[in-house]
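**Q** Okay, here's what each chain looks like letter by letter:
There are 2 protein chains.
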Amino acid sequence: MTPQLELMKKLSKQTDSKILFVVIDGLGGHPVKPGGESELEMATLPHLDSIARDGVTGLLHPVMPGVTPGSGPAHLALFGYDPLVYDVGRGLLSALGIDFPLQNGDVAARVNFATLDAGGMIVDRRAGRISSETGARLATLLDGMEIDGVRVFVRPEREYRAVLVHRGEGLSAELSDTDPQKTGIPPLAVEALEPAAQRAAEAANAFVERARERLQGEPQANGVLLRGFEAHREFPSMSDVYRLRSAAVAAYPMYRGVTRLIGMDVLDAGDTLETEMEAVRKNIGRFDFFYFHVKKTDSAGEDGAPEKKAHELEAFDAVLGRLLELPFDVVVATGDHSTPSTLRAHSWHPVPVALRAPNCRPDDVDRFTEAACLRGGLGQIPSTALMPIVLANAGKLEKYGA
Amino acid sequence: MTPQLELMKKLSKQTDSKILFVVIDGLGGHPVKPGGESELEMATLPHLDSIARDGVTGLLHPVMPGVTPGSGPAHLALFGYDPLVYDVGRGLLSALGIDFPLQNGDVAARVNFATLDAGGMIVDRRAGRISSETGARLATLLDGMEIDGVRVFVRPEREYRAVLVHRGEGLSAELSDTDPQKTGIPPLAVEALEPAAQRAAEAANAFVERARERLQGEPQANGVLLRGFEAHREFPSMSDVYRLRSAAVAAYPMYRGVTRLIGMDVLDAGDTLETEMEAVRKNIGRFDFFYFHVKKTDSAGEDGAPEKKAHELEAFDAVLGRLLELPFDVVVATGDHSTPSTLRAHSWHPVPVALRAPNCRPDDVDRFTEAACLRGGLGQIPSTALMPIVLANAGKLEKYGA
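As they're listed, the protein sequences go chains A and B.
Every letter in the first sequence is one number past the one before it in the numbering used here, and letter 353, counting from 1, is 353.
Every letter in the second sequence is one number past the one before it in the numbering used here, and letter 81, counting from 1, is 81.
Don't read these hints as lab results, they were simulated from the structure.
Please note: incorrect hints may appear among the correct ones.
Note that the list lumps identical chains together, so a pair holds whenever it fits in one copy or between two copies.
Okay, derived cross-link-like pairs now, BS3-like style, lysine-lysine, Cα gap no bigger than 27 Å in a straight line [to be verified]: (1) Lys33 / Lys282; (2) Lys282 / Lys308; (3) Lys9 / Lys182; (4) Lys9 / Lys399; (5) Lys182 / Lys282.
Values in this document were obtained by computation on a predicted structure and should not be read as measured data.
Construct all of the structure, not just a fragment, from the sequences and the given hints.
**A** Structure follows, in structure tokens:
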């Protein structure tokens with residue numbers, strides 16, 4: 001455990017206060033054109049603004065200034081787990097996101113079904129975005145191999161995406177990707193990045209070969225690309241570190257995966273903001289910490305669609321109004337990372353945060369925007385600094401020392 | 001030594017410049033009612049405001065954002081000692097605060113005289129707040145036992161509070177408290193928190209038993225509660241790290257204790273702001289660093305009395321006016337931690353700081369309040385970052401590197 005988590009474990013206490021912890025994916029942006037407005041400034045957000053006005057605001061750096069995070073590390077940081085220490089990659093997140101019952105030592109990787117031409121060159125890294133039904137059928141086709149003492153699991157994720165898990169004695173995950181991230185060239189061979197990974201590399205390359213044989217008849221998905229090999233290990237849990245009964249409300253598998261990794265209860269929350277809100281309402285008595293994930297803001301940012309992103313923000317703000325009717329003592333709204341529409345990608349820009357609680361020290365910020373939160377009372381802090389502040393405001397931390 | 005202290009030891013030099021380092025206990029707060037004023041905003045503070053106006057301001061985090069500190073760690077942080085590394089608890093502070101001549105390896109604990117009923121249940125954890133005279137008499141009654149090779153010292157602190165010191169070979173301080181922090185149940189037994197602490201635990205439990213025998217006839221203080229067991233060890237001294245001739249001016253024992261722990265000269269300063277000021281005036285030629293402690297602001301905050309806290313701030317401000325007539329080159333005013341009247345307790349909120357020196361870079365802040373200092377030139381920094389800034393402004397730090 002990091003010193004911060006050790007300290008939190010020492011100071012945390014169980015109380016009845018309730019925390020709503022909203023993560024608006026890809027929240028931050030910047031002016032869509034020079035001198036113009038950011039997506040947050042374009043949107044009308046009465047409820048988010050009210051939290052900023054009545055509470056205390058600031059900006060969060062997910063990893064460190066300048067570093068653009070993936071969703072996994074960005075989320076872990078928000079929950080107080082140093083993302084440079086609790087390093088989690090694509091393979092592990094994918095496996096966790098589909099509820100795969102990982103065992104310690106399992107090596108997981110993300111699979112893309114892909115289209116290869118007769119010469120073995122990659123034509124489409126996503127196999128023409130085959131349907132989830134097709135993806136599921138093909139995963140079943142590849143599932144259950146036994147390669148030189150290694151058990152192979154292949155499980156569908158969504159559309160062209162699947163998860164590969166190798167289970168066997170002494171498998172290392174220090175393996176290179178086969179996905180070259182471009183077309184017109186063949187997939188790469190898996191390479192052992194340390195001598196001890198030799199056996200795991202051979203098993204992975206054998207899997208790729210046998211997969212091509214089994215997929216030979218497929219018109220689109222006749223090959224696989226592998227990336228993000230990773231071994232499963234246990235992370236400290238939210239209940240152990242913070243003494244929290246914590247629930248995750250997220251429509252997308254990966255976010256359920258990362259929260260399950262740190263011991264949150266993943267609620268059955270459907271796949272709309274409405275069903276997510278209902279899941280909170282129904283379970284309000286059972287937990288003291290609700291992580292509520294909003295996905296479509298990030299997708300709109302990645303699509304380069306600022307109006308759509310503003311619209312998604314407004315759609316969530318309406319749902320937030322109803323969440324605020326529930327008996328929460330602390331409400332915090334932030335994002336995992338910025339996704340400016342102009343960049344069509346995650347970015348390094350710090351992320352607005354607003355926290356409302358009876359004993360917070362309000363600042364004079366009254367809007368939930370990048371520019372306003374820059375003047376906020378929390379200042380610019382690492383994302384990992386947020387959880388101690390949230391717990392303090394919830395009355396869930398003992399004093400340090402006499 | 002932490003890297004910061006190592007660096008300070010390398011860069012510090014002795015000069016004739018003089019520093020006044022004021023610690024207003026429990027300084028920060030927040031609005032007493034929503035939209036209202038904090039205690040600092042209610043008070044009229046011409047001298048503190050003048051330091052803010054002419055100098056540079058900011059906010060300090062004693063341990064880290066969100067963490068509420070005790071006075072010991074909060075003070076150590078102000079003097080540049082990382083409170084997570086130089087971890088000091090109640091027992092040690094209490095013993096140091098009464099000038100007990102601790103030796104390395106001594107195990108100290110805080111004693112509360114308490115009232116127990118016929119069945120051994122705790123009726124009053126403070127024995128009806130017996131007088132200091134009674135406390136002193138009872139401490140003498142318990143002092144001087146010899147338990148299986150362990151020498152026992154019991155010394156009065158104030159009212160119902162006393163200090164227990166065990167001296168013997170190989171005593172561990174990894175012991176649990178007997179004080180359950182509530183009434184209606186019996187005191188807990190001391191438990192060894194590591195196998196090596198078995199002998200120390202037995203000695204402590206034997207002490208509790210013998211104390212009950214000796215206190216049998218007492219109407220109020222017929223039992224003892226122990227907490228904060230701690231072994232004495234040496235900390236780096238201010239003279240060694242900073243090459244400072246440093247003096248502590250504090251009316252309350254614990255603050256004399258923590259400063260003695262880091263090698264400050266504790267002046268005989270009486271117990272009012274007036275006598276404290278006189279102690280500074282009389283000794284101005286002998287030291288180049290004066291720590292000046294103001295206690296009653298914290299007490300008013302803990303009493304939930306905002307007007308009283310504002311009044312205590314004003315009372316100190318008047319004394320500060322006279323301190324500023326003395327030839328100080330650097331004046332810094334801050335607190336160890338916040339104690340908002342609304343919370344009636346220490347809190348995690350960052351603490352205002354203002355520093356005036358000929359070569360500081362002034363900001364445009366002209367009031368010494370939480371909201372104003374949020375806009376200050378020092379930003380929001382850890383308390384441990386203050387000492388290097390103070391020393392730099394006093395011309396007491398060499399350049400780092402060529």
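**Q** Next step is simple, just say for each hint if it's right about the structure.
**A** Here is what the structure says about each hint:
1. In this homomeric assembly, Lys33 and Lys282 never come within 27 Å of each other (Cα to Cα): the closest approach is 43 Å inside a single copy and 33 Å across copies.
2. Within a single copy, Lys282 and Lys308 get their C-alpha atoms no closer than 30 Å, and across copies no closer than 46 Å, so neither meets the 27 Å cut-off.
3. With identical chains, the CA atoms of Lys9 and Lys182 are at most 27 Å apart between copies only, with a shortest distance of 23 Å across copies and 45 Å within one.
4. When the C-alpha separation of Lys9 and Lys399 is checked against a cutoff of 27 Å, the pair qualifies only within one copy, where the shortest distance is 12 Å, while the shortest distance between copies is 31 Å.
5. Proximity of Lys182 to Lys282 under the C-alpha cut-off of 27 Å is found in neither arrangement, the shortest distances being 45 Å within a copy and 36 Å between copies.
Of the numbered hints listed earlier, those contradicted by the structure are 1, 2, 5.
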